[in-house]
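Sequence order for the protein chains is S and P.
Take the first sequence: its letters are residues 1 to 185, numbered as in full-length UniProt numbering.
Take the second sequence: its letters are residues 1 to 96, numbered as in full-length UniProt numbering.
Please note that a few of the clues may not be correct.
[To be verified] In the DSS-like style, the derived pairs of lysine-lysine whose C-alpha atoms are separated by at most 27 Å in a straight line are:
hint, chain 1, residue 1, chain 2, residue 2
1, S, 140, P, 25
2, P, 5, S, 140
3, P, 51, P, 25
4, P, 25, P, 5
5, P, 46, P, 82
6, P, 38, P, 25
7, P, 46, S, 140
8, P, 38, P, 82
9, P, 82, P, 25
[To be verified] Quick list of the computed label-pair ranges, beta carbon to beta carbon:
hint, chain 1, residue 1, chain 2, residue 2, range
10, P, 42, S, 49, 30 to 40 Å
11, P, 8, S, 124, 50 to 60 Å
12, P, 83, S, 47, 15 to 25 Å
13, P, 56, S, 125, 24 to 34 Å
14, S, 61, P, 66, 49 to 59 Å
[To be verified] Covered stretches of chain P, as calculated for chain S (at least 3 residues, CB under 8 Å):
hint, stretch
15, 11–17
16, 82–91
What the hints contain is simulated information worked out from the structure, not anything from laboratory work.
The structure presented is a predicted model; accordingly, all values stated were derived computationally and were not measured.
We treat Cβ as the ideally placed atom computed from N, Cα and C, and that holds for glycine.
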Amino acid sequence: MATTEPSAYTPDIPSDPITRTTSTIHVSLTPHPLDSLSATRFVRSPSAGATVLFIGTTRDTFNGLPVSSLTYTSYTPLALSTLYSIASALLAKHALTKIAIVHKLGECPIGEESIVIAVSAPHRQAAWRAGEEALEETKKRAEIWKLERFEGGEGVWRANRDGVMGVKVEEGLGKGKGAGGEATE
Amino acid sequence: MTPGKSPAGHFSILYFAAASTFTAKSTEHLLAPVQAGKLFDRLEQKYPGIKDKVLSSCAVTVNLEYIDLDGDDAPNVDLVIKEGDEVAIIPPVSSG
C-alpha cells in the first residue's frame, strides 16, 4: 500500500504554548521561537549560586546529508506530563532550586533552538549534572518526534533510541531505512 | 491532536510519526471493545504490513498510560479497550 508522506504534510501543532508551571518547575511545548533568557530568568534565584543553561539547535546536516527543514510533532498531553515528571525527579535527586524544560513544536528552521533547559542549584556540580540528565532523559522519553527533510525532498522520521532506524517517509516504510542514532546535539 | 469524542461503540486511536505516515492518518475511531493483546492484529488487518514495519518498535498508551503488551503473557494483554478510550501508538521518540 502507499505510505508516501505528502510533501504538504501538516502535523497538528497547537497554536499556543502548552505549559505546566509551579514555583520551581516550568515545562512547555511551544510553536513559537524559544526564549532562553526567559527560561534563565525563571530559574534564577538568590538561593542558587549556579545556573546552567543548555540550548539545543538544529543542525544543517545528518551523516553528511544536507537537511533542509525539521518539523517536531508531539502527543502534547503525554509529552508535557513526561517533561514534568523528568523535571520533578531531577529537582528532588539533585536538590535543585528550579528547573525549566522548553521544547519547540512545528517547523524549526535550521540553526534555531529546538530545546532549552535551564537549571539552578546552590552549587555548580548539581546544576551541571542535572542539566545533562534533563537533556538525556528528555531525548529518551518525551513523546516528541522529529521529521527531517533532506534537500531534494526526502523526509525521515528520526529516532533517538540506539539501534532504532529512522524511517524514510517518501519511499514508504518497507523500503527505506535511514541511519539511526543521534539527531541534534 | 484531540481526536474528538468517539461515536457510540468506538474508541479513538492516535497515530504519530511513522505510524501516521503508514496509515496516512493522525487519528481515527475504531470499534470497541477490543482486547489490548489483539490491537496490533486488528491494525494489521486494516493496514497490512504495519505490524512488522511500524508496530513492532512502538509502545501503546491507553488514556495517557503506557500499557505493557510485550510478549504473550505481558501484564496488559487482557486489558479491554472500551468505548470512549483514547489509545495512542507511540513510535521511538526523537526530541532534542
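Now for the hints, and whether the structure bears them out:
The suggested pairing of residue 140 of chain S with residue 25 of chain P holds, with an alpha-carbon distance near 25 Å, which does not exceed 27 Å. Our distance criterion of 27 Å between C-alpha atoms is broken by residue 5 of chain P and residue 140 of chain S, whose separation comes to about 31 Å. Proposed proximity of residue 51 of chain P and residue 25 of chain P is supported: the alpha carbons are some 16 Å apart, at most 27 Å. A threshold of 27 Å between alpha carbons decides the hint, and for residue 25 of chain P with residue 5 of chain P the separation of about 17 Å falls inside it, so the pair holds.
A threshold of 27 Å between alpha carbons decides the hint, and for residue 46 of chain P with residue 82 of chain P the separation of about 19 Å falls inside it, so the pair holds. Distance restraint check for residue 38 of chain P and residue 25 of chain P: the Cα-Cα separation of roughly 21 Å lies within the 27 Å cut-off, and the hinted pair is therefore satisfied. For the proposed pair residue 46 of chain P and residue 140 of chain S, the alpha carbon gap of about 30 Å is over 27 Å, so the pair is violated. Distance hint between residue 38 of chain P and residue 82 of chain P is fulfilled; the C-alpha atoms sit about 13 Å from each other, no more than 27 Å.
Only pairs whose Cα atoms come within 27 Å are accepted, and residue 82 of chain P paired with residue 25 of chain P is accepted, the gap being roughly 21 Å. The beta-carbon spacing between residue 42 of chain P and residue 49 of chain S, approximately 56 Å, falls outside the hinted interval of 30 to 40 Å. Distance hint for residue 8 of chain P and residue 124 of chain S: a CB-CB separation of about 58 Å, consistent with the stated range 50 to 60 Å. Our hint of 15 to 25 Å for residue 83 of chain P and residue 47 of chain S is violated, since their Cβ atoms are close to 51 Å apart.
For residue 56 of chain P and residue 125 of chain S, the hinted distance range of 24 to 34 Å is not satisfied, since their beta carbons lie about 41 Å from each other. In this structure the supplied range 49 to 59 Å is violated for residue 61 of chain S paired with residue 66 of chain P, their Cβ-Cβ distance being about 34 Å. Here the stretch 11–17 of chain P counts 3 residues with a CB under 8 Å from a CB of chain S, which clears the bar of 3, and the coverage holds. Restraint check on the stretch 82–91 of chain P versus chain S: 3 residues with Cβ-Cβ distances below 8 Å, three needed, restraint holds.
Hint check: violations occur at hints 2, 7, 10, 12, 13 and 14; the rest are consistent with the structure.
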